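Student: Please work from the sequences and hints to get the whole structure.
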Amino acid sequence: MRKGSSPAATTRPARRPGQTLARWRRDRLLLLLATPGVLVVLLFHYLPLLGNVIAFKGYLPFLTISESPWVGWDNFEVIFSGDPLFLNALTNTLIITLIQVLFVFPLPLALALLLNEVISERLKRIVQSVLYMPHFLSWVIVVALFQQILGNAGMVNTLLREHDMTTFSIIGVPELFEVLITSQVIWKDTGWGTIIFLAAISRVDTSLYEAAAMDGAGALRRMWHVTLPAIRSVFILLLILRLGDALTVGFEQIILQQGAVGATASEVLDTYVYNHGIVGGNWGQAAAVGLTKGVISVLLVLGANKLAHKFGERGVYHK
Amino acid sequence: MTTTSPLGLGTKPRKARPSTSTGRPVWMGPPNRVLTAMRGLILTIGCAAVILPFLAVVSTSLATQAEVTENGGFVLLVREPSLASYQAILSGGVVTRALVISILVTVVGTLLSLACTIGLAYALSRPGSLGSRPILLAVLFTMLFSPGMIPMYLVVKQLGLLDNLFALILPVLINAFNVIVMREFFLDIPDELMESARIDGANDLTILARIVLPLSKAVISVIGLFYAVGYWNAFFNALLYISSPEKWPLQLVLRTYVVNETPMGVDQVSAGSDSLPPQLSIQMAILVISVVPILLVYPFLQKHFTKGLMIGAVKG
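As given, the protein sequences belong to chains A and B, one line each in that order.
Going by this note's numbering, the residue at position 240 of the first sequence is 240; the numbering climbs one at a time, nothing skipped.
Going by this note's numbering, the residue at position 43 of the second sequence is 43; the numbering climbs one at a time, nothing skipped.
None of these hints come from the bench; they were simulated from the model.
It should be emphasised that the depicted structure is a prediction, and the values quoted were computed from it without experimental measurement.
The reader is advised that the hints may include incorrect statements.
[As the list claims (entries may be wrong)] One-sided excerpt, in silico: chain A residues whose CB lies under 8 Å from chain B: (1) L33; (2) L49; (3) M155; (4) G172; (5) V173; (6) L208; (7) G216; (8) A217; (9) I278; (10) V279; (11) G280; (12) W283.
Ideal Cβ positions, reconstructed from N, Cα and C, are used throughout, including at glycine.
Tutor: Written as structure tokens, this is what we have:
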């Protein structure tokens, strides 16, 4: 009865003190249940949000945040005057994002279309089980596996050497760093990425395919005219979310492998914040970069969403 | 927010249609042999790329020094499996301690996360409950904007949690996405059930314990597993907040001894063993130990997310 028909749910009650008290009494157990969760959200999401004020302060570890002197926009100088280390991190981030949107992003869709054509449900399930698995491994494990398999002393090169063939190195080579981390992302998450597409494909009414086949459409045309339109909005939704993450590229993955290739090739915005701020002690500047990055990310999601609405798509949220 | 939760849209079973003996619907026409072969090839390569590295790692972890030397490193199929590496790392020392810490953090963290998530999701799923609207918006907003690494570090520091294992749990205790998914699930439970309990005099707590929780075992176990995998795999928070090596979880040990290849001496392995198994085997054994728990829970996870359980995540 409470859902929908209860007066509290349908009409906004007048804000009389007596009524709030009554609701308070009625809902006190619910409030009690919610309290731990709300506290965690306040402490570890909203308090840090306020903590961003140190982007405007000359923070020193032995002072508290409120004792530190106000420096206004000084910390943002690294961004606006183009500190070379910052620019390097920004450039690397954008290059990696571009590579990954172009080469990694469409792969799950392609794999999902491929899996969809597998008729045997049993075989499909086995293949899916194998391909989803790497998603659940930590980055430490993935990086360790890649080193052990593809490293200079790794399995593949040992085999090549044994057969007197030329070895190759991809690990620890600054020029190939983007290739390396991109292939790691492909290995880890392509399978997992198919789930959402497969779910969307499975909702397509089979009779549409049948009708298309009656009209003489081959497998490719059925895919083009039936399957792809059905998953367009999911694809756009994911693209929007990916855009929001444009400035975020695998922090754990990169920090683990930074030692081998050096900062010039591998520094991205997140590792810059870590290395410059927490390791290097430039708290204010690093916070300024982090804050700017957060604000731009939100703007990107909102902007991309607006664009999606313009093209008649639903987007992440709707009015 | 990292994307560990599936955004499954729910699957609709396909209608039974006339089909050939292979399950291929008649209207599809005969299969194109070239395309089928290519499809098979691509999927085989994909599966091999996942399975072969694991096979090599497990085999090498079981290999003896003689076999490692003979193969010049990796062993793909081990002839005389030996558990020496596992004995060395599991009989006290760095890895054993890290394993205990990781298990502790995962178990305690998962239980606390589930308790908080269930409490919050349940309160938010009762329509018209006091404050549910602003709290829901506050939770949703955390998905849009992350506060940033530096302020987060300072908050953990101000709370006195640096170098404390709770720093690996509290900051990630609540995942907004999981709260939303669980709330959607609770919303789908028929109101009549709860109302009849209320008429019989049950309060919100009793309804949660006696009606909602028993009906939500599936969603609770999946979200619990996702939290557990998250705690088990967490590396960045440990790097950021834990400075003493004796409090390292397994992922940091893995980084130090396997990724950075710091050699393990007698001090790091077990006291009293004088002949160490090959360094490579020890490294691979650490790798196996950190993967095995994931592989153990994986079938359960997989069962649920292929069923399309995570419905409504995008209902908004």
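Student: Next step is simple, just say for each hint if it's right about the structure.
Tutor: Taking the hints in turn, this is what the structure says about them:
1. L33: 4 Å, holds
2. L49: Result: holds, 5 Å to nearest chain B Cβ.
3. M155: At 4 Å from the nearest chain B Cβ, M155 (chain A) passes the 8 Å test, so the hint holds.
4. G172: 12 Å, violated
5. V173: 17 Å, violated
6. L208: Since the shortest Cβ distance to chain B is 11 Å, the answer is violated.
7. G216: At about 10 Å, which exceeds the 8 Å cut-off, the nearest Cβ of chain B leaves the hint on G216 (chain A) violated.
8. A217: Because about 10 Å separates A217 (chain A) from the closest Cβ in chain B, which is outside the 8 Å limit, the hint is violated.
9. I278: Holds: closest Cβ of chain B sits about 6 Å from I278 (chain A), inside 8 Å.
10. V279: The hint is violated - V279 (chain A) has no Cβ within 8 Å of chain B, the shortest such distance being about 10 Å.
11. G280: 11 Å, violated
12. W283: 6 Å, holds
This entry does not satisfy hints 4, 5, 6, 7, 8, 10 and 11, going by the numbered hints stated previously.
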